[in-house]
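As they're listed, the protein sequences go chains A and B.
Read in order, the letters of the first sequence correspond to residues 0 to 90 in numbering that gives the first Met the number 0.
Read in order, the letters of the second sequence correspond to residues 0 to 291 in numbering that gives the first Met the number 0.
Source of the hints: derived by calculation from the structure; they are not laboratory data.
All figures in this text were calculated on a predicted structure; none of them were measured in a lab.
All C-beta atoms, glycine included, are put in the ideal place defined by N, C-alpha and C.
Fair warning: there could be bad hints in the mix.
Only pairs whose alpha carbons sit at most 25 Å apart, straight line, appear in this in silico PhoX-like list of lysine-lysine [claimed, not checked]: (1) A:Lys59 with B:Lys28; (2) B:Lys120 with B:Lys85; (3) B:Lys231 with B:Lys257; (4) B:Lys257 with A:Lys1.
Restraint ranges, calculated between C-beta atoms of paired labels, are given here [claimed, not checked]: (5) B:Pro191 with A:His81: 45 to 51 Å; (6) B:Tyr135 with A:Gly40: 46 to 52 Å; (7) A:Ala53 with B:Arg122: 20 to 26 Å; (8) B:His20 with A:Ala22: 23 to 29 Å; (9) A:Val19 with B:Ser138: 19 to 25 Å; (10) B:Ala39 with A:Phe66: 29 to 35 Å; (11) A:His81 with B:Thr36: 47 to 53 Å.
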Amino acid sequence: MKSFLIVYDRRAGELRDFRVFDAHESAEALQERFRQELNYGSDSGIEIVVLRAASEDAIKETHNRYFASGQELLHSVERAVHSQPGTVEAG
Amino acid sequence: MATGIAQRIAQPLSGVLLPRHLSATQIDKLGDRLRTTPLAGEDRALLQQLILDHDAPLSEAQDTLRTALGLESTGRLKTEATIVEKLRRQTTRLSRLQDIAGLRLLDFPATRLEQDEVARKIRSTFRIVDEDDRRYRPSFGYRAHHLVAEVDGCRVEIQVRTPLQHAWAEAYEKLADVTERDIRYGVMPSDPRLRDLVEMLQDFAERGDQIEHLRQRALLQAARIDEVEREKVRAGPPSDPEAQAAYEGELADLRTMKDEQSPLLQGIVSLEEHLIERLRRISEQLDAISSG
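Looking at chain A on its own, in the form it has when it is part of the complex (with noise of 0.2 Å):
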């Protein structure tokens, strides 16, 4: 598994910084998270986290509130509508 540190803007809705972590860096990832953490403070609006997972693919279905915009993510919204089965139209 990857460790990916987001550090994400919550008020602006956006990322300020990315980074990715291979597998036997994991403490590292969790140390820089803490790091960045003091740095920022508690209320500053920016939210510091790592995400663990085997690829940067499977933590932007999970958590695409850090990588898409608000409109982007009404048209995911859209399309978990029309992906549901036994639909007419999928038959």
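Model the placement of chain B on the given structure of chain A, informed by the hints.
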């Protein structure tokens, strides 16, 4: 895994060496302090140690999901800020927080029945100490099935969502980021346009949930009809002419029921089209707000 083990005795940033495991009393006292005082110094070091203690159990749970159940997931340890936010918002003791370590399944079960099946498999693989099935007790529109596993003395929350539940949750949380984080807990923004947007999204969640239910029923009905028809065809017509007539009549009824499925599904598609129209209005409202 060697790295994870080394991590468990790592020195926190403050430079103070702390025992690997904190007692529940120490943790709860820390939690009580964090409700009212800023996170700093030794308290920050203690909180980091608590978070680090969940790292190896989180990895273990993630590996188990993959190897035992073939389920991929994304894992995360809760941030310092969100732990403190939660302590200030709720009365839960810090030692009882369920989601310091969390896994979100990548393999979204397509239907609610599949979601039930995934939950059943997770229950049979892990020691589950709590469950929160928010499909039936939604939290301001949020729906999912959360199972809390105990792994090596720590709790790991496993989130199971359908694609629609997940997509909605991501969109709503994005809105919370840029408006008011507490819309996730029922606090409405003061700006009337944002309030409308929040209400529209929550209404969308209710309607989307109803459609998921209807689809589920339609799928179950169709599956049951198919099963009964197969059994009848496999059994073959009886030799007695009277019984044979009844047999043919039952097969005809089954075919009629199958034909009636089509209007039912058409009805669901029509509801979905209305739902998409609502989504477009939500998108327009978001555009209007973003452009000031």
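Here's how the hints hold up against the structure:
For the given pair, Lys59 (chain A) sits about 37 Å from Lys28 (chain B) by alpha-carbon distance, which is inconsistent with the 25 Å threshold. A threshold of 25 Å between alpha carbons decides the hint, and for Lys120 (chain B) with Lys85 (chain B) the separation of about 30 Å lies outside it, so the pair is violated. Distance hint between Lys231 (chain B) and Lys257 (chain B) is fulfilled; the C-alpha atoms sit about 15 Å from each other, no more than 25 Å. Taking the CA atoms of Lys257 (chain B) and Lys1 (chain A), the gap is near 48 Å; set against the 25 Å cutoff, the hint is violated.
The supplied range of 45 to 51 Å is broken by Pro191 (chain B) and His81 (chain A), whose beta-carbon atoms lie about 31 Å from each other. A beta carbon spacing of about 39 Å between Tyr135 (chain B) and Gly40 (chain A) contradicts the range 46 to 52 Å that was offered as a hint. For the hinted restraint 20 to 26 Å between Ala53 (chain A) and Arg122 (chain B), the CB-CB distance of approximately 24 Å keeps it satisfied. The hinted range of 23 to 29 Å is satisfied by His20 (chain B) and Ala22 (chain A), whose Cβ atoms lie roughly 25 Å apart.
A beta carbon spacing of about 33 Å between Val19 (chain A) and Ser138 (chain B) contradicts the range 19 to 25 Å that was offered as a hint. One distance hint, 29 to 35 Å for the beta-carbon pair Ala39 (chain B) and Phe66 (chain A), holds here, with the actual separation near 32 Å. Between His81 (chain A) and Thr36 (chain B) the beta carbon distance is about 50 Å. The supplied range of 47 to 53 Å therefore holds.
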